[in-house]
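Chains as they are written, first to last, in my numbering: chain L, 337 to 604; chain P, 337 to 604; chain E, 337 to 604; chain W, 337 to 604.
Among the hints, a few may not be true.
Note that identical chains are pooled: a pair holds if it fits in a single copy or bridges any two copies.
[Unchecked claim] With a straight-line Cα cutoff of 25 Å, these simulated BS3-like cross-link-like pairs (lysine-lysine) come out: (1) K549 to K565; (2) K549 to K351; (3) K489 to K354; (4) K410 to K475; (5) K549 to K354; (6) K410 to K489; (7) K475 to K354; (8) K410 to K354; (9) K351 to K565; (10) K489 to K565; (11) K351 to K475; (12) K354 to K565; (13) K475 to K489; (14) K410 to K351; (15) K351 to K489; (16) K410 to K549; (17) K475 to K549; (18) K475 to K565.
Please keep in mind that the hints were generated in silico from the structure rather than gathered at the bench.
4 protein chains.
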Amino acid sequence: MALARENDLLLILAKDGKRFIVRLERGQLLHTHRGIIAHDDLIGAPLGQVRQTHLGYPYVALRPSIHDLVMDIKRASQIVYPKEAGYILLKLNVGPGSRVVEGGTGSGALTMALAHAVRPDGRVYTYESREDMCRLAAKNLANVGLADVVEIKQRDIAAGFDERDADAVFLDVRTPWLYLDQAREALSDGGFFGAIVPTANQVSELIDVLGRKEFMDIEVCEILLRSYKPVPTRLRPTDRMVAHTGYLVFARKAESVGEVFPEGADET
Amino acid sequence: MALARENDLLLILAKDGKRFIVRLERGQLLHTHRGIIAHDDLIGAPLGQVRQTHLGYPYVALRPSIHDLVMDIKRASQIVYPKEAGYILLKLNVGPGSRVVEGGTGSGALTMALAHAVRPDGRVYTYESREDMCRLAAKNLANVGLADVVEIKQRDIAAGFDERDADAVFLDVRTPWLYLDQAREALSDGGFFGAIVPTANQVSELIDVLGRKEFMDIEVCEILLRSYKPVPTRLRPTDRMVAHTGYLVFARKAESVGEVFPEGADET
Amino acid sequence: MALARENDLLLILAKDGKRFIVRLERGQLLHTHRGIIAHDDLIGAPLGQVRQTHLGYPYVALRPSIHDLVMDIKRASQIVYPKEAGYILLKLNVGPGSRVVEGGTGSGALTMALAHAVRPDGRVYTYESREDMCRLAAKNLANVGLADVVEIKQRDIAAGFDERDADAVFLDVRTPWLYLDQAREALSDGGFFGAIVPTANQVSELIDVLGRKEFMDIEVCEILLRSYKPVPTRLRPTDRMVAHTGYLVFARKAESVGEVFPEGADET
Amino acid sequence: MALARENDLLLILAKDGKRFIVRLERGQLLHTHRGIIAHDDLIGAPLGQVRQTHLGYPYVALRPSIHDLVMDIKRASQIVYPKEAGYILLKLNVGPGSRVVEGGTGSGALTMALAHAVRPDGRVYTYESREDMCRLAAKNLANVGLADVVEIKQRDIAAGFDERDADAVFLDVRTPWLYLDQAREALSDGGFFGAIVPTANQVSELIDVLGRKEFMDIEVCEILLRSYKPVPTRLRPTDRMVAHTGYLVFARKAESVGEVFPEGADET
Chain L
337 MALARENDLL LILAKDGKRF IVRLERGQLL HTHRGIIAHD DLIGAPLGQV
387 RQTHLGYPYV ALRPSIHDLV MDIKRASQIV YPKEAGYILL KLNVGPGSRV
437 VEGGTGSGAL TMALAHAVRP DGRVYTYESR EDMCRLAAKN LANVGLADVV
487 EIKQRDIAAG FDERDADAVF LDVRTPWLYL DQAREALSDG GFFGAIVPTA
537 NQVSELIDVL GRKEFMDIEV CEILLRSYKP VPTRLRPTDR MVAHTGYLVF
587 ARKAESVGEV FPEGADET
Chain P
337 MALARENDLL LILAKDGKRF IVRLERGQLL HTHRGIIAHD DLIGAPLGQV
387 RQTHLGYPYV ALRPSIHDLV MDIKRASQIV YPKEAGYILL KLNVGPGSRV
437 VEGGTGSGAL TMALAHAVRP DGRVYTYESR EDMCRLAAKN LANVGLADVV
487 EIKQRDIAAG FDERDADAVF LDVRTPWLYL DQAREALSDG GFFGAIVPTA
537 NQVSELIDVL GRKEFMDIEV CEILLRSYKP VPTRLRPTDR MVAHTGYLVF
587 ARKAESVGEV FPEGADET
Chain E
337 MALARENDLL LILAKDGKRF IVRLERGQLL HTHRGIIAHD DLIGAPLGQV
387 RQTHLGYPYV ALRPSIHDLV MDIKRASQIV YPKEAGYILL KLNVGPGSRV
437 VEGGTGSGAL TMALAHAVRP DGRVYTYESR EDMCRLAAKN LANVGLADVV
487 EIKQRDIAAG FDERDADAVF LDVRTPWLYL DQAREALSDG GFFGAIVPTA
537 NQVSELIDVL GRKEFMDIEV CEILLRSYKP VPTRLRPTDR MVAHTGYLVF
587 ARKAESVGEV FPEGADET
Chain W
337 MALARENDLL LILAKDGKRF IVRLERGQLL HTHRGIIAHD DLIGAPLGQV
387 RQTHLGYPYV ALRPSIHDLV MDIKRASQIV YPKEAGYILL KLNVGPGSRV
437 VEGGTGSGAL TMALAHAVRP DGRVYTYESR EDMCRLAAKN LANVGLADVV
487 EIKQRDIAAG FDERDADAVF LDVRTPWLYL DQAREALSDG GFFGAIVPTA
537 NQVSELIDVL GRKEFMDIEV CEILLRSYKP VPTRLRPTDR MVAHTGYLVF
587 ARKAESVGEV FPEGADET
């Protein structure tokens, strides 16, 4: 039987669908809208079973998924959602042991998904120019126990990345096309490049410069998540959905491909 | 400089967008529609640089991503695409060290993505009743060097899974609702459950039985990938797209939640 | 020069994007959040020119489109949106002179689009069991000057429709499959049938009964509208969108097609 | 009972889903892949009933919808699909009696939908520079009996439109932003403007010039049609779909709105 232990990160699901993520600490209390949950009561309790707040309102404690953690993040900016993060992992070939450079940490949502995928031996080097965002991301990563595989560097990426031979570079900044030399310098030969930008104009600019800077196998896409109301007899999509977070752009670092692999050559 | 070595798995990108995945072996030849590439010429050559077939046609050799490998798989069935696989990884919390049970190996596409994510210490236990599919999946996994983290078992899952306390169970079978007891038995308390089904009728059936079998936090969704032609001055979506591979269903194993967490309670 | 005249229906567009639809009447005032607009000032004024409220806030008066009118409707229920209404018109072949029967008037949104398309010689016969909805729809149609081509009948459609040889029948009710005999009776030979239902379960039920009741050329679809923020240098989809209003189902009334045109025969 | 008459336009639906549109003429034969259908046999026959080719293969004859006619058009270019055409009708307020100017006739698909909606008293004035396209569109419109409400003019629209006070102008040309003065000249005060362009770059260019040329209420959107396989027990989206035909842009002609209604002001 799986038991909750001190210092565990838990997902608390209340009956009304409210979700809380907490780290169990002796003596702490979780105040919900329907009563208090004492951490001490949970420590040693089995996971996945119905329990009650001090007001008798039912809840269940479970281990959170990386999806839950990313969605729960304290955010001070638009985050990269799990629907994109999952695809980014596969496109950038990020897995156990990968060394990944990220430009634009933001709140650390993608950083968290990358860190989860590369641990324990890989490493995420993430750059962010704003001090407040660095602090927020550091706190978010520490909260979920992933701080040890991430190095947060407060720095303007125009000055370049410290890393060399990185497996992948991902940019979540406003003008990614300005930092492609820096990305190339950090990437291994043939390394994986990715970026997310909110507007079509930025996509055009980025893929133009990617082509001129000897990147190849350029792909542009969007990932749309359509959720359904999970009612067996009345199955239907939710009324509203997130229609846009960003366009994803992927490419590979190459050499001297400009003349022989011209614009559009790898269109399908 | 990253050099191609004997036994490396390589992605060959021809100028016209054609893609080949090969494992470098001394003496072998890759026959393309535009000339021959001798493996011996590639062994020791730098990655990411333009080379030529014996007919002078340009190509570039790169390390493939797990995305490339999944898309290249020899398939005898509808596969789980990377757009779904990436999201499944995050929802099922699959990462380094995870122990995952898969019912319905098929061609092994999702198996491959799972194996890539859990290696080297995790394990994927995958069940498939058809012998020919088991052989195909085994070959596909061996081709990409992931066979050692996967156990393929030719078995009807009605007989149950061998594993206990698994972190996650994923079912890609026609009637997943028939195997929820088996899934519960294999899962850890609070463990992650997922399934993919092509029709809305199957979704209704599955979420109905999930609710009655003490699963909770049920989510149903679809992932849509919209690709763009990567031409800077003429940015536009591709004319046609994959409109449907399957509905994804996720849930958590719980206990005695039926009466207190009734149908639809965790709708957002 | 096009001038606004007494009794004209006008769309008032304020600078901040707020939209009002009014019928010009001598002595009336439109109270906006940014000042008052006297109808008298607009009567005789040219359309499409910047004017100001009594507080000096700019606005423009234009003739509303049927799209504007449908979106502005007073609603007491989920309405059929213009994205669906436009497609319904083409699929049901509704145009000038058409005689259309509608089951489930609701707030009258689709009724309005149908009336606009069939006027002045066609006719929309619309049935609604709830008296309050009949009154609301009547008011909505009168407001936009389309009441004269519509007959609203407060009646349970189980009792049948009065019309015969109708060009098209459209049902926007919870259980459309219960009224297919009534629809057949009202339709001309080969006539056009359509329905909208919110859930996948209803689609299954409806197309099953349609097939058994000698309808053919069955089509099921959804129409998705994706809007963009119209900023030239930062073109991007809006953050959120309507993800679902309903599934559209279309079919043709036929005779004795059951045995020779079995289920699924006209799948593409 | 509705009977097929000489000169009727009919939709022939074969059992396997094949569709043919024919005009009934004495003595003519329709050669299908499964046998011959003599027009003479259909003249006087009831619509919506199963009949057989000379080889005994079942088919049904029905009146085609405007949707059927548009989809069946002989095309020498990308057409505007019904999913867009229906929405265009509502956004441009096109209905019985409307006078609409179209720049870029192409194969005449949208022309056909417009003509169907404005007949018998309205009029579609459509401009096309290529003689071959003019001939094709004329033939397509004559085939479906809508030629009498359409004037096709072979002309470069840079030279301007002949019409004044038109209710709506729609442009389906490569560089619509070059013809906005011409569109303004043809439009009534406050008139409806629409355009379709395939790329995001064209959208940016067009909405930029629209804003500078005193158009307002600018809207940009896409319409996506998702079809389902109509099988009651296995309801699911079709595997592939049309992912893109074009971006739709709508606006209203106004005066002197530039300074007070700046870019983006009417974003929602």
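Hint by hint, here is what the structure shows:
| no. | hint | in the structure |
| --- | --- | --- |
| 1 | K549 to K565 | between (46 Å within a copy, 19 Å between copies) |
| 2 | K549 to K351 | between (53 Å within a copy, 17 Å between copies) |
| 3 | K489 to K354 | neither (35 Å within a copy, 39 Å between copies) |
| 4 | K410 to K475 | within (9 Å within a copy, 44 Å between copies) |
| 5 | K549 to K354 | between (48 Å within a copy, 22 Å between copies) |
| 6 | K410 to K489 | within (19 Å within a copy, 43 Å between copies) |
| 7 | K475 to K354 | within (23 Å within a copy, 41 Å between copies) |
| 8 | K410 to K354 | within (16 Å within a copy, 33 Å between copies) |
| 9 | K351 to K565 | within (16 Å within a copy, 37 Å between copies) |
| 10 | K489 to K565 | neither (41 Å within a copy, 34 Å between copies) |
| 11 | K351 to K475 | neither (29 Å within a copy, 43 Å between copies) |
| 12 | K354 to K565 | within (16 Å within a copy, 32 Å between copies) |
| 13 | K475 to K489 | within (14 Å within a copy, 43 Å between copies) |
| 14 | K410 to K351 | within (23 Å within a copy, 35 Å between copies) |
| 15 | K351 to K489 | neither (41 Å within a copy, 38 Å between copies) |
| 16 | K410 to K549 | neither (36 Å within a copy, 34 Å between copies) |
| 17 | K475 to K549 | neither (36 Å within a copy, 38 Å between copies) |
| 18 | K475 to K565 | neither (34 Å within a copy, 34 Å between copies) |
The structure fails to meet hints 3, 10, 11, 15, 16, 17 and 18 from the earlier list, while all remaining hints are met.
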